[in-house]
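Fit chain B to the known structure of chain A by using the hints.
Which chain is which? The protein sequence lines are A and B, in order. Residues 1 to 115 in the numbering used here are what the first sequence spells out, letter by letter. Residues 1 to 110 in the numbering used here are what the second sequence spells out, letter by letter.
Bear in mind the hints are in silico, worked out from the structure with no lab data behind them. Take these hints with a grain of salt, some might be off.
Said to hold, decoys possible - A few chain A positions that, by computed beta-carbon distances, are all more than 12 Å from chain B:
no.: 1; residue: Gly16
no.: 2; residue: Glu20
no.: 3; residue: Val68
no.: 4; residue: Gly72
no.: 5; residue: Lys78
no.: 6; residue: Arg111
Claimed, not checked - In silico DMTMM-like cross-links for lysine to aspartate or glutamate, where the CA-CA straight-line distance does not exceed 20 Å:
no.: 7; chain 1: A; residue 1: Lys11; chain 2: A; residue 2: Glu83
no.: 8; chain 1: B; residue 1: Lys26; chain 2: A; residue 2: Glu44
no.: 9; chain 1: B; residue 1: Lys102; chain 2: A; residue 2: Glu20
no.: 10; chain 1: A; residue 1: Lys78; chain 2: A; residue 2: Asp56
no.: 11; chain 1: B; residue 1: Lys56; chain 2: A; residue 2: Glu103
no.: 12; chain 1: A; residue 1: Lys17; chain 2: A; residue 2: Glu103
no.: 13; chain 1: A; residue 1: Lys11; chain 2: A; residue 2: Asp86
no.: 14; chain 1: A; residue 1: Lys15; chain 2: A; residue 2: Asp86
no.: 15; chain 1: B; residue 1: Lys102; chain 2: A; residue 2: Asp86
no.: 16; chain 1: B; residue 1: Lys26; chain 2: B; residue 2: Asp66
no.: 17; chain 1: A; residue 1: Lys15; chain 2: A; residue 2: Glu103
no.: 18; chain 1: B; residue 1: Lys70; chain 2: B; residue 2: Glu5
All C-beta atoms, glycine included, are put in the ideal place defined by N, C-alpha and C.
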Amino acid sequence: GAGVSQTPSNKVTEKGKYVELRCDPISGHTALYWYRQSLGQGPEFLIYFQGTGAADDSGLPNDRFFAVRPEGSVSTLKIQRTERGDSAVYLCASSQAGHGNTEAFFGQGTRLTVV
Amino acid sequence: SQQGEEDPQALSIQEGENATMNCSYKTSINNLQWYRQNSGRGLVHLILIRSNEREKHSGRLRVTLDTSKKSSSLLITASRAADTASYFCATGGGADGLTFGKGTHLIIQP
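Looking at chain B on its own, in the form it has when it is part of the complex:
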């Protein structure tokens, strides 16, 4: 079953604009992770935010977490064509693995 749900399912913006993706989840968490996937193959870890953190930055990425609303957002600033990919949030990760949402497909138009 899929715990996280990303919103929107698809997003198309112009290069240089900011892209915001949201994720909602159902159960309590210890942390939440964001991954990127190019061309439907391997996933690349972007950032992990712990349940006691509200915001985290990594380069052009900014992640927020609101445990009271069971939601997280991923902001990519100054988008580039190379940011075109699918983005997934994931929770869990213990013995029963990570639980992913369906992802947001981001297209950056040059």
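Isolated chain A (complex conformation):
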């Protein structure tokens, strides 16, 4: 595809359930980031992958959050035992290198609602 693809676009889940959010980056982009955006706020960094490895996961809020990128392309963000406070838009972005010197390409996000 031409851009970063995120699925599903919307997800409603019950408190305590497990969810997976998927990101398909632009082909050839080695850097992949996950961000979380709450209403009225800017996106906040969660985790960064360079290739297959998580180079920096310092933004993950707690151990209920985990992300993988096993083949260096598609990434999945996994949230266990969801809480109402996890409700937000989860954004994925990819780039040819880190976002520091190049433009980041964002997907349309997954709006997660925990009820």
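Here is chain B on its own, set in the frame of chain A:
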């Protein structure tokens, strides 16, 4: 934590007028980026200005950077209804990702 702070938080102007948004940040930077977000979903990159640049233009966009004041401004000239969106400045972007402000919500009235 959020490094950048955009000002104003909301701005409403008439179509055809110019819109100016400001951003302040706290730490030293290599560059600063501006992004636009429509309807609270995906962000679109607008412009990147490096720390050794003072001004940069792209179409109807003009960005300035003052590293001594740790501030940047985004000017949109001859605004259009399609410019209605939220605008964010962002710094960093290395291993710990981009740090965004809370954004300026711009409304262009027809």
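Are the Cα atoms of B/Lys56 and A/Glu103 separated by 20 Å or less? Distance of about 15 Å is within 20 Å: holds.
Hint consistency between B/Lys102 and A/Glu20 [alpha-carbon to alpha-carbon, up to 20 Å]: Distance of about 27 Å is beyond 20 Å: violated.
Pair hint outcome, B/Lys26 versus A/Glu44 [Cα-Cα no greater than 20 Å]: Roughly 16 Å separates the two Cα atoms, so the pair holds.
Just to be careful, I want the Cα atoms of A/Lys78 and A/Asp56 compared with a cutoff of 20 Å; is the pair within it? 16 Å, holds
Within a Cα-Cα threshold of 20 Å, do A/Lys15 and A/Glu103 meet the stated pairing? Distance of about 36 Å is beyond 20 Å: violated.
Within 20 Å, alpha carbon to alpha carbon, are A/Lys17 and A/Glu103? 35 Å, violated
Straight-line Cα separation of A/Lys11 and A/Asp86 no greater than 20 Å? Holds, at roughly 12 Å.
Would A/Val68 pass as off the interface with chain B, using Cβ distances and a cut of 12 Å? Correct as stated: the minimum Cβ-Cβ distance to chain B is 18 Å, above 12 Å.
Grab the minimum beta-carbon distance between A/Arg111 and chain B and tell me whether it stays above 12 Å. 8 Å, violated
Verify the proposed pairing of B/Lys70 with B/Glu5, using a straight-line Cα cut of 20 Å. 11 Å, holds
Taking only the CA atoms, is the gap from B/Lys102 to A/Asp86 under or equal to 20 Å? 19 Å, holds
Just double-check A/Gly16 for me: nearest Cβ-Cβ distance to chain B has to come out over 12 Å. 26 Å, holds
Consistency with the previously given hints fails for numbers 6, 9, 12, 17, ordered from lowest to highest.
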